[in-house]
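Engineer: As a plain string of letters, each chain reads:
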Amino acid sequence: MSDCALETEGLTKMFGGFTAVRDVALQVKRHTIHALIGPNGAGKTTVFNLLTKVHRPTGGRILYEGTDITADTPATIARRGIVRSFQISATFPHMSVRDNVRVALQRRLGTQYQFWRSIRSLSVLNERAMELLSEVGLADYAEANAADLSYGRKRTLEIATTLALDPPLLLLDEPTQGMALEDVDRIKQLIRKIAQGRTILMVEHNMSVVSDLCHTITVLQRGEILAQGSYGEVSNDPAVKSAYLGGGHA
Amino acid sequence: MSTTFKIFLVLCAALLVVPFVPGLIYPVFVMKVLCYGLFACAFNLLLGFTGLVSFAHAAFLGSAGYVTGALMIRFGGHPLGMPAAFLAGVAAAALVGFAIGGLAIRRKGIYFAMITLALSQIVYFLAVQFRWTGGEDGLQGIPRGSLFGLDLSTDTTMYYVTLGLFAVGFLFVDRIVHSPFGQILQAVRDNEARATSLGYDTDRFKLIAFVLSAGVAGYAGALKALVFQLVSLNDVSLHTSTEVVLMTLLGGVGTIFGPLVGAALVVGLQNYLATIGDLVTVVIGLIFIVCVSFFRRGFVGEFLHLRRRRSERAVRRKALRPAPETSPAAEPA
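So the protein sequences, as listed, match chains A and B.
So the first sequence is numbered by our numbering: it starts at 7 and just counts up by one.
So the second sequence is numbered by our numbering: it starts at 77 and just counts up by one.
FYI, nobody ran anything at the bench for these hints, they're computed from the structure.
One thing to keep in mind: the hints can contain errors.
[Said to hold, decoys possible] Using 30 angstroms as the maximum straight-line C-alpha spacing, the simulated DSSO-like pairs for lysine-lysine come out as follows:
(1) A/Lys194 to A/Lys160
(2) B/Lys394 to B/Lys82
(3) B/Lys82 to A/Lys160
(4) A/Lys160 to B/Lys184
(5) A/Lys247 to A/Lys35
(6) A/Lys160 to A/Lys199
Work out the full structure: start from the sequences and follow the hints.
Structural biologist: Okay, here's the thing in structure tokens:
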């Protein structure tokens with residue numbers, strides 16, 4: 007078995023006549039943090055949406071731990087252990103912070119379709135939910151409504167909810183998007199912490215996050231892979247420099 | 077014991093004495109409120125706790141009524157006729173719900189609502205065309221039969237049976253909301269994409285919720301057919317489907333007791349203002365406009381909101397209050 011957690015072969019997506027992603031071969035090594043970067047319109051989000059099954063690829067394959075998952079549904083890949091985050095914070099606003107985490111834990115009980123059982127049967131999950139909240143520093147807000155949290159805390163809650171599933175592979179969509187500086191630092195530390203024993207693929211704009219956290223970086227431009235390697239390699243690549251600075255057109 | 081259950085017990089206790097004071101409140105009126113209240117609870121399960129707007133609920137209420145009614149007319153004399161016909165009605169509504177819901181959940185939002193509307197019109201058309209539904213005449217003189225040897229033909233006996241069946245239906249809905257399944261439903265309502273990303277097949281949850289809601293609406297419809305010994309085209313009409321929206325919104329969508337309050341209000345106005353004829357519609361319309369303009373959460377919803385706000389403020393005040401008697405004395409001028 008290869009050492010890749012996630013792999014794509016010839017991944018292509020066309021919208022009408024427009025090719026948003028062309029022949030992308032991505033290799034995300036197990037237990038690494040991998041970043042997907044590129045200028046606006048490079049196709050990062052489309053690749054992300056293909057991996058998370060929001061879109062169906064026009065061509066190519068997606069392999070997770072060697073298994074072809076190209077035809078899976080979004081809920082199926084989650085059950086396989088691939089969990090995504092969202093660009094805007096994704097919580098359940100009218101539920102308490104603890105219940106947000108508990109919704110994720112609940113799948114393990116296998117009682118999600120039991121409408122005749124009391125909700126008290128979920129109390130066994132409270133302890134684990136509180137543990138996860140303490141881990142990310144949200145234990146004091148357990149009873150608050152998720153809607154009342156600050157933006158940074160909502161994103162933290164989202165991570166706690168994701169961790170509840172204990173997924174081997176995390177797909178993060180711009181985890182620090184729209185955050186204040188001190189929040190960015192907190193999330194950075196949190197990502198480093200949760201990366202232990204996990205594989206992470208993230209789309210990110212913030213270069214300080216990318217350079218500090220990521221082992222491998224893939225640069226996309228006009229839907230194709232422009233460069234791949236460590237931050238040092240990629241940032242010195244002349245093609246990357248010209249793509250970001252506009253090269254001869256500037 | 078939860079607060080909901082306590083309130084419910086008090087309500088049921090109060091309803092138990094109704095037949096002893098017929099001068100004050102008419103038992104048949106209360107039975108009507110209970111049937112519509114349960115109907116609205118079923119609707120609220122979908123709108124309030126799953127986030128789906130259905131315009132097909134009359135189809136469930138009516139199809140259960142027709143099936144129960146038609147079976148009672150033929151087999152009402154049999155000792156097990158009533159429970160069998162009742163359950164057949166509920167099953168028919170759930171089945172119609174499965175058909176309509178299965179088609180509609182493929183779309184979201186307004187398109188979902190429009191599909192339920194279109195399909196419920198087909199049910200209406202069938203009710204007009206079929207012979208066993210009595211067409212324009214509907215089904216009249218439906219016998220109430222007997223339940224476990226209890227003759228239901230007197231209003232007082234029927235009243236207590238109605239109250240009992242209502243309690244079972246209401247607690248069933250309350251249980252669905254407060255169950256492991258209900259918890260995921262709430263998650264789907266709050267953020268469907270996120271629920272999917274956690275590995276839940278949201279369409280499946282929506283379909284099950286739809287069928288359960290249709291089943292409870294049918295339960296109310298079967299009960300109503302027995303109480304009034306009558307099923308008419310009005311029961312499957314769009315008018316009834318919109319009325320239940322009105323009841324739920326007036327009472328408070330997404331609250332446990334809201335639909336009951338809303339149903340009592342609408343049925344009460346229709347009943348007590350019957351003397352002014354068609355103007356009732358105008359009165360209800362005005363109340364609705366006032367409701368959506370000034371208290372959008374509905375009666376129960378606003379009440380709960382106020383109470384929560386007050387308790388939050390109390391907590392904050394407690395937190396802000398300085399330790400007693402330590403405030404510095406004012407400097408003498």
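Engineer: Compare the structure with each hint and give your call.
Structural biologist: Hint-by-hint comparison with the structure:
Distance check on the hinted pair: A/Lys194 and A/Lys160 sit about 15 angstroms apart at the alpha-carbon level, within 30 angstroms; holds. In summary, the hint linking B/Lys394 to B/Lys82 is supported, as the alpha carbons are separated by about 29 angstroms, within the 30 angstroms threshold. About 35 angstroms separates the Cα atoms of B/Lys82 and A/Lys160, which puts this hinted pair outside 30 angstroms; it is violated. With a C-alpha separation of about 26 angstroms, the suggested pairing of A/Lys160 with B/Lys184 holds against the 30 angstroms cut-off.
The suggested pairing of A/Lys247 with A/Lys35 holds, with an alpha-carbon distance near 25 angstroms, which does not exceed 30 angstroms. For the proposed pair A/Lys160 and A/Lys199, the alpha carbon gap of about 18 angstroms is at most 30 angstroms, so the pair holds.
Of the numbered hints listed earlier, the single one contradicted by the structure is hint 3.
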